[in-house]
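A.B. asks: As given, the protein sequences belong to chains A and B, one line each in that order. Quick note on the numbering used here: the first sequence kicks off at 1 and runs consecutively. Quick note on the numbering used here: the second sequence kicks off at 1 and runs consecutively.
Because identical chains cannot be distinguished in the list, a pair is counted as satisfied if it fits within a single copy or across any two copies.
Listed next, the in silico DSSO-like pairs over lysine-lysine satisfying Cα-Cα at most 27 Å (straight line):
(1) Lys185 <-> Lys136
(2) Lys209 <-> Lys26
(3) Lys302 <-> Lys258
(4) Lys26 <-> Lys214
(5) Lys136 <-> Lys69
(6) Lys186 <-> Lys136
(7) Lys266 <-> Lys185
(8) Lys185 <-> Lys271
It is worth saying that the hints were derived from the structure and are not from the lab.
2 protein chains.
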Amino acid sequence: MDQRTEIASLGEFGLIDHLTQHIDIKNASSLLGVGDDGAVIDHFGRQTVVSTDLLIEGIHFDLSYTPLKHLGYKAVVVNLSDIYAMNAVPTQILLSIGFSNRYSVEALDEFYAGVYAACEAYQVDLVGGDTSSSQKGFIISVTAIGEVAPDQYVKRSGAQVNDLICVSGELGSAFLGLTLLEREKKIFQETGAQPDLEGQTNIVGRLLKPEARKDIVEFFSESNIVPTSMIDVSDGLSSDILHICKQSNVGCVLHEEKFPFNPEAKEFAYKLQLDPTACALSGGEDYELLFTVAQSDYEKIKVNPSISVIGYIAPESEGNHLITRAGNKHALVAQGWNHAR
Amino acid sequence: MDQRTEIASLGEFGLIDHLTQHIDIKNASSLLGVGDDGAVIDHFGRQTVVSTDLLIEGIHFDLSYTPLKHLGYKAVVVNLSDIYAMNAVPTQILLSIGFSNRYSVEALDEFYAGVYAACEAYQVDLVGGDTSSSQKGFIISVTAIGEVAPDQYVKRSGAQVNDLICVSGELGSAFLGLTLLEREKKIFQETGAQPDLEGQTNIVGRLLKPEARKDIVEFFSESNIVPTSMIDVSDGLSSDILHICKQSNVGCVLHEEKFPFNPEAKEFAYKLQLDPTACALSGGEDYELLFTVAQSDYEKIKVNPSISVIGYIAPESEGNHLITRAGNKHALVAQGWNHAR
Numbered sequence: 001m002d003q004r005t006e007i008a009s010l011g012e013f014g015l016i017d018h019l020t021q022h023i024d025i026k027n028a029s030s031l032l033g034v035g036d037d038g039a040v041i042d043h044f045g046r047q048t049v050v051s052t053d054l055l056i057e058g059i060h061f062d063l064s065y066t067p068l069k070h071l072g073y074k075a076v077v078v079n080l081s082d083i084y085a086m087n088a089v090p091t092q093i094l095l096s097i098g099f100s101n102r103y104s105v106e107a108l109d110e111f112y113a114g115v116y117a118a119c120e121a122y123q124v125d126l127v128g129g130d131t132s133s134s135q136k137g138f139i140i141s142v143t144a145i146g147e148v149a150p151d152q153y154v155k156r157s158g159a160q161v162n163d164l165i166c167v168s169g170e171l172g173s174a175f176l177g178l179t180l181l182e183r184e185k186k187i188f189q190e191t192g193a194q195p196d197l198e199g200q201t202n203i204v205g206r207l208l209k210p211e212a213r214k215d216i217v218e219f220f221s222e223s224n225i226v227p228t229s230m231i232d233v234s235d236g237l238s239s240d241i242l243h244i245c246k247q248s249n250v251g252c253v254l255h256e257e258k259f260p261f262n263p264e265a266k267e268f269a270y271k272l273q274l275d276p277t278a279c280a281l282s283g284g285e286d287y288e289l290l291f292t293v294a295q296s297d298y299e300k301i302k303v304n305p306s307i308s309v310i311g312y313i314a315p316e317s318e319g320n321h322l323i324t325r326a327g328n329k330h331a332l333v334a335q336g337w338n339h340a341r
Numbered sequence: 001m002d003q004r005t006e007i008a009s010l011g012e013f014g015l016i017d018h019l020t021q022h023i024d025i026k027n028a029s030s031l032l033g034v035g036d037d038g039a040v041i042d043h044f045g046r047q048t049v050v051s052t053d054l055l056i057e058g059i060h061f062d063l064s065y066t067p068l069k070h071l072g073y074k075a076v077v078v079n080l081s082d083i084y085a086m087n088a089v090p091t092q093i094l095l096s097i098g099f100s101n102r103y104s105v106e107a108l109d110e111f112y113a114g115v116y117a118a119c120e121a122y123q124v125d126l127v128g129g130d131t132s133s134s135q136k137g138f139i140i141s142v143t144a145i146g147e148v149a150p151d152q153y154v155k156r157s158g159a160q161v162n163d164l165i166c167v168s169g170e171l172g173s174a175f176l177g178l179t180l181l182e183r184e185k186k187i188f189q190e191t192g193a194q195p196d197l198e199g200q201t202n203i204v205g206r207l208l209k210p211e212a213r214k215d216i217v218e219f220f221s222e223s224n225i226v227p228t229s230m231i232d233v234s235d236g237l238s239s240d241i242l243h244i245c246k247q248s249n250v251g252c253v254l255h256e257e258k259f260p261f262n263p264e265a266k267e268f269a270y271k272l273q274l275d276p277t278a279c280a281l282s283g284g285e286d287y288e289l290l291f292t293v294a295q296s297d298y299e300k301i302k303v304n305p306s307i308s309v310i311g312y313i314a315p316e317s318e319g320n321h322l323i324t325r326a327g328n329k330h331a332l333v334a335q336g337w338n339h340a341r
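Whenever a hint applies, use it, and build me the whole structure from the sequences.
C.D. replies: Encoded structure:
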């Protein structure tokens, strides 16, 4: 090891590509491996989808404003969101935690109360895990397992030119919640003033207690829709649509005027002199489903008030663009999460 | 949260019991949940076994004497060992890592070289994972997935009175390796003297690069043996046989004279004035398979030179005992791993 390459020079996705580039699949049951929201495993009649996340205190969450119960709920939900993003239904989770000796049994009980509330809400079973002490901070690892009918799983790589780009729910709210909580934390640290969260329950809730879009995957099943590609919005719309475009070898056009916002969140953004569109593009943690469907599915999609059509897939040669309300055309750039930065 | 109960007051297994006591299984596919080496999920014709481990620098491993490549190999192998301990064959893993900015890409490459070497040796596929920065230290979470023919999985809870207690390979070596490396580390810190590992490749190798007993599970399959209970020896023979006894509602009698030792390891133990039997009982990390079989399987078992019969299952009312070489009878006590202590 004479050479030293800084991890930051590759970025998160570059690092993953680097570390996994030589993987050679050995089992016929490994239908889909690294590089999507989940992996797909064949099990003779059904297919299994698995996904895993590692959450570390100080990196992914701040316990100074995150109640442990909410943290437990969210740790489960963000993993289930990955399973839904494969068009599968989650059935089991495994949960490992590491904690320093500043935690009491009561604190862990709070955390687990949130975990079990999520298991109840999404009807999944906690079937395994590991507990450990840590030298510093709280560490959470969740693996989620789900089922999908044969070959109904949806990858990031299936988007076709002229497909419609759709998103569920509202965008940018979680980022605004984070901005508010970080601001109030700073004020509290500087002045001791108690947080003023008056009227901001939507955005704070979206950050601290997100929900996964079970209803959208159920709607697909009932309406006989199989999206051509899908991802959950965890890194921000911009990063996530670029994942789809890169893996599908296509380009895209997004229309700013079609972006779905919560009115309360939008108003709060203006109050902070933030652009709601920028929050949607770069904020992340919305856990909405971003997917593409064939134009022929438009009639089926439009009946669902939770789904917005926000653009369309273009040829790769045309690049990835946003058309603003004013009609200007901007290139989309990945601005999502990069912990290594 | 007015009350504060120290986690140490429950211990690791008490804590797990406490946190999981109210689990209510919702999916018929969740055949076996928390409380064994792995969980079992039904997949219409085959059954899936899953297991997960969280490994934290400073708690589970010491990078001052653990090469990153060995660490990658071991992180995979200890999870595969859990899958084998369910009598299943591992097929896929998911791997998440968290690392601080003191790590370079080259360091992660070393770690992954070990991961891929283990995947190759055991023919499993790395199908997913997560990468993250950490505030401190290296964090590893591995989830392993395996397959087993319907209802051939082996739990900890099936041991019957008069069953034979068997163990694969040799016991206590990994603990002796740890003792040696800790001693050399201390000498190095105090005097700057380079480690003297001359002639101790067996015990050091057993600690740093353990193997999972794939061969034993293959032998079971070829010989039509289904153990009545099984666990892998990770916490020490004493703790692990007590898991089987507690979950099977039985007692046990172990015979010290039957314990399998590596001659080199035994000699080294005496040099350090350690009792090899104590190393086997309390050491842990051997990753051998500890299992029980019906007496009628004795003829099948005895042909395998890697398997030792070390005792038998007794009625629960008779308790758990060790008969020493001198013929004395001692009660077995759990002395395994307790990070919270």
